[in-house]
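Those protein sequences? They're chains A and B, same order as listed. For the first sequence, my numbering begins at 1 and goes up steadily by one. For the second sequence, my numbering begins at 1 and goes up steadily by one.
In short, the hints are calculated from the structure, not lab data. Be a bit skeptical, because a hint or two may be false.
[As the list claims (entries may be wrong)] Below, a sample of chain B positions facing chain A; criterion: calculated Cβ distance under 8 Å:
id: 1; residue: N313
id: 2; residue: S516
id: 3; residue: R523
In this text, a Cβ means the ideal position worked out from N, Cα and C, and glycines have one as well.
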Amino acid sequence: MNVLYVEDNKINAMVMDKMLSKNDSHVIIAENGSQALEVVKEENLDLILVDINLGLNQMDGCELLQKFRQLDIVKDIPVFAVTAYAMPGDEQRFINIGFDQYFSKPVNFDQLISVISKIEKSFEQQ
Amino acid sequence: MSFTLEKYGISTEKTLLFLFILKQDGKIVSFNDRCELLFPFDKNKVKGKFITDYIIDKDVPLFLNLVSNLSDKDSFTSLSLNFPTENQGIVSIKFDFKLHNNLIYATGIDITEESKKYRALLTISRLTKTGAWYFDPKNDEISWSHGCYLINELSFDIPITREKEISFYPKDNRARVENYLNELIKNRNPYEYTEKIITEKGNEKWIKVVGQPVIYKGEVIYVNGTITDVTDRYKYIEKLKYSEETKHLALKGIQSGLFDYHVKKNEVFYSMDFKKMLGLPLNQDFVSEKEFRKMIHPDDLEKMLKKRLKNFNEEGNYYYNDYRLKHLNGGYRHYEVYGFRRKNSKGETTRMIGNLIDVHQKKNNKKTIAESKNRLQAMVNNGFVYTILLDIKGKILMTDEKSVKIIKRDFNVDPTQVSCRFIDVMPLNFKNSFAHEFNEALKGNIVKKEIERIAHKGDSQWLEATYTPIFDQEKEVNSVLVSFHDITEQKLAEMTIKESHIKEQELNNLKSNILSNFSHEIRTPLNGIMTVSTLLLDEEEPEEREKLLMYLEQSKNRLLDTINNLSNYSEVETIKKNINLEKLDVNYTIETSYRQYKHMAETKKLTYQLELDQTSPQFNIDKNLFSTALNNIILNAIKYTTEGGITIKVSSDNYENNVYISILDTGIGIGKENLKKIFDPFMQESIGLSRKYEGTGIGLSLSKRYIEILDGEIKVKSTIGKGTKFNIIIPKCL
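Given these sequences and hints, build the entire structure.
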């Protein structure tokens, strides 16, 4: 599995890499939206994880999702929101915007990994 | 028996009869001597002439008509012929014609006198519109003269019968009319009546009918009579009656009575109406002045006499007076006198003739009107703030005192004196919608409109204008009442409520914003802490563990900062109690904070400079409070700057008592409207779907609190897109 994780917080990016690598996924980190847009052009991705708050004066996760959706290559790749915005209503808000799934921080890795496995299985079946 | 001319002639010689023998075409065959006076010339020339040569034109066709219809079988046929003569004028001869052996024998008598009388009667009949009739009770036979036919507009050839005659009267009157004649026959008394008829042609006429019985041996054997058309006269009388009645009713209606004051006799004559009006004895024509004075209201007597004296001596003929008089029902009533003075040749007034009019009701009405007008005015002055009554053209008919004052002051016009349109004297902002509302009111609708009026002193006053159409008796709008209600308080209350609603909404938004902020700020480092902990459990390589532990430390610090900020936000009084002041070097204190964020600024690739003060001032502060305050400002500067950098400058040598610490960034800047709010807790600019700036939003408010507790001051200047400059001014140790 090739996973792109768009995250400005280095620690959070790092720990995601470590956790998913243990599960045999290859994690590519992008610190901001523009980097992410470069990555999707070059890499063959299976999943994209996007933080929402990507730092001062940066394109946020929602804007990035809109950009992804305009690209043919990203059209069929699932995009998950991974964010510390976890007030009631936030999940619905991000799903409404178009994220395929929503994970709040602190991330429940068991859940995330099980979702990733399911995606992997569906690929194998195909 | 056969006549010869001879015999005929002899037998007629001694009579006064006129004899002619004519041929059937009227040619004169023979005549007796008596006839000679009918011919204007020698009688010998007459033979062979026609009789028609000697009669007036009118008679010619009558004669020709008669002779052409004569036959032997007929007995005598009569016709009058008129002969113009030299000596006697027109001579009328009534002839009896008899045809015998193709010769016409005409025997005539002179009826000139009768004819003259008859013609005169006819003329009189025509002129007086009178006709004669007779009635024979034996066979119920009635006969009409020409005149009767003319009056009834009935064609002469229709024979008149009793039924026909009665039919000219209106149905309802017929029984009565029939009875007149029946009564006459029964009582043998002549009668006379005037009745309405409808003529044959349908015209309405009034006729006067006279009937005169002819009595023989105590019984009515014949009735002679006349019919006179009295329509004109009757109508005139009717008119006269009507106008008399009108006058009477009018006098009665206005309750007036006529009087005549005879000065010399010192007596007053009163008309019947007058006496009735005042309850004076009806059989007494005059009332003495003394008695009259008794009737006048004691309060009015002097005034009345004074006025009368003046009237008495004044020039001209007309005069006026007014006073109260005792009324027959008790009490006094108001009267007005409109009079005429009659003067003698010396110019002395001899009589005063006048009309006394009861104006009690009018006076009372006037009083009532005045009272109700006052009441209305009071209502107008007190019920609403402003009230204006407009006619349908928008002109002010009436308004309250306040409005008058305002209009006088603002437009120098007195609407009670000069006719002016409301639109010309209203505040400017009323004009926009006035026409619309006024027109709606003219259509009969009540219209309400809220408007703001800026009062003279500049306060705004909220008014509710109500346009009420006022209808006249024909249900047409004849005026519009514009009343203004002061709704300022209500409006202000409404606005306050609205504002507080908005504030409440803002606070609600802020609340969820704060919660969301804190949640995000706590969850982000917590994510690191939790994940790193999990990883640490499995990680055996020391280098990796070291790295993970460092991550853990960083995340832990960030979490702590957040929580500290939150808990630091406590009451000023509590902070003041626990304050710990110490004398510190300004440069050193500032540099400590500066160093703390150097790494952060460098990570963002910002220039990060510190300029210290050469005089090394000292200040008396609580280190924790001051550092927290300064740190928050530095952190803020770094957070909102992406290009350029931050310069922190300490200066004190130019100022006697204070140290100036300025933190200048080239960041995004703060909008004017938000500059005041940035020190409010939890206020962060740009609140969106996801905020671009991390932080709890209470940093700056803490800075301000702390610096103020330390007797300092924070000022901020900012330009959007260019940057922000914070100045901390704090007393130095002298």
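Here's how the hints hold up against the structure:
1. N313: violated, 105 Å
2. S516: At 5 Å from the nearest chain A Cβ, B:S516 passes the 8 Å test, so the hint holds.
3. R523: holds, 4 Å
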